[in-house]
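Participant: Chains as they are written, first to last, in this note's numbering: chain H, 1 to 113; chain C, 1 to 110.
It should be emphasised that the hints constitute simulated quantities derived from the structure, not laboratory data.
Among these hints, one or two may not hold up.
[Said to hold, decoys possible] The list that follows gives simulated cross-link-like pairs (lysine-lysine, DSS-like), each with its CA atoms no further than 27 Å apart: (1) H:62 with H:11; (2) C:42 with H:44; (3) C:97 with H:71; (4) H:11 with C:1.
[Unchecked claim] Take a look, some chain H residues computed to stay more than 10 Å from chain C by CB distance: (5) 6; (6) 56; (7) 109.
Using N, Cα and C, we set each Cβ at its ideal position, and we do this for glycine too.
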Amino acid sequence: EAGVAQSPRYKIIEKRQSVAFWCNPISGHATLYWYQQILGQGPKLLIQFQNNGVVDDSQLPKDRFSAERLKGVDSTLKIQPAKLEDSAVYLCASSVEANYGYTFGSGTRLTVV
Amino acid sequence: KQEVTQIPAALSVPEGENLVLNCSFTDSAIYNLQWFRQDPGKGLTSLLLIQSSQREQTSGRLNASLDKSSGRSTLYIAASQPGDSATYLCAVGGYQKVTFGTGTKLQVIP
């Protein structure tokens with residue numbers, strides 16, 4: 001079984017620029033999550049999709065972050081404009097259904113300078 | 001609101017020692033609890049998943065237990081090796097919501 005694919009692995013941008021991350025979940029996994037992990041902290045949920053519908057985006061800074069999951073498969077997370085405090089690892093995870101175990105991708109490390 | 005605590009935040013042990021990592025949570029109405037390993041700069045690797053109806057799960061040198069009534073889970077690592085050095089995170093699954101602890105950073109000294 002192929003794992004969760006994320007790209008790019010690393011990204012360095014200047015503040016106020018925009019950036020996008022891509023995630024391809026495991027085939028057949030209905031639930032997809034985006035997490036932000038700041039150095040030294042546990043992952044924080046940004047948004048959860050069930051198929052192509054949003055289940056929870058309560059912690060997504062909607063003035064600058066957006067995410068979509070077209071056709072209930074791949075997902076993109078965008079930041080526009082980026083701030084210094086957005087420097088973190090952005091993790092994508094998927095599960096067969098909510099309340100099942102997760103599988104995580106390798107993450108995208110974002111540095112905003 | 002579920003709160004998940006992992007103590008200690010960091011642990012250093014000599015190779016070969018058996019060790020226990022702790023995870024405590026405040027709301028016992030959970031669906032499952034999952035332990036992950038995270039190497040520096042990498043994503044999370046799932047180690048063990050315990051459903052709420054289970055008491056423990058084992059994989060190789062790892063054993064995870066769950067006591068919902070007391071809001072605790074432990075991850076037992078037998079005969080630790082330098083390759084076990086990583087950060088260990090527990091994630092508590094509630095209804096359509098998962099809450100992570102902040103992790104225990106383990107260093108196994110050869």
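Participant: A separate judgement is required for each hint: does it hold in the structure or not?
Facilitator: How the hints compare with the structure:
1. Taking the CA atoms of residue 62 (chain H) and residue 11 (chain H), the gap is near 21 Å; set against the 27 Å cutoff, the hint holds.
2. A distance of roughly 16 Å separates the Cα atoms of residue 42 (chain C) and residue 44 (chain H); the hinted pair therefore holds under the 27 Å criterion.
3. Under the criterion of a C-alpha separation no larger than 27 Å, the hint pairing residue 97 (chain C) with residue 71 (chain H) is consistent with the structure, at around 23 Å.
4. At most 27 Å may separate the alpha-carbon atoms for a hinted pair to count; residue 11 (chain H) and residue 1 (chain C) exceed this at roughly 34 Å.
5. With 10 Å as the threshold on Cβ separation, the claim that residue 6 (chain H) sits away from chain C is violated: the shortest Cβ distance comes to roughly 8 Å.
6. The beta carbon of residue 56 (chain H) is not kept farther than 10 Å from every beta carbon of chain C, the shortest such distance being approximately 7 Å.
7. With a minimum CB-CB distance of about 7 Å to chain C, residue 109 (chain H) fails to clear the 10 Å threshold, and the non-interface call is violated.
Comparing the model with each earlier hint shows violations of hints 4, 5, 6 and 7; every other hint is respected.
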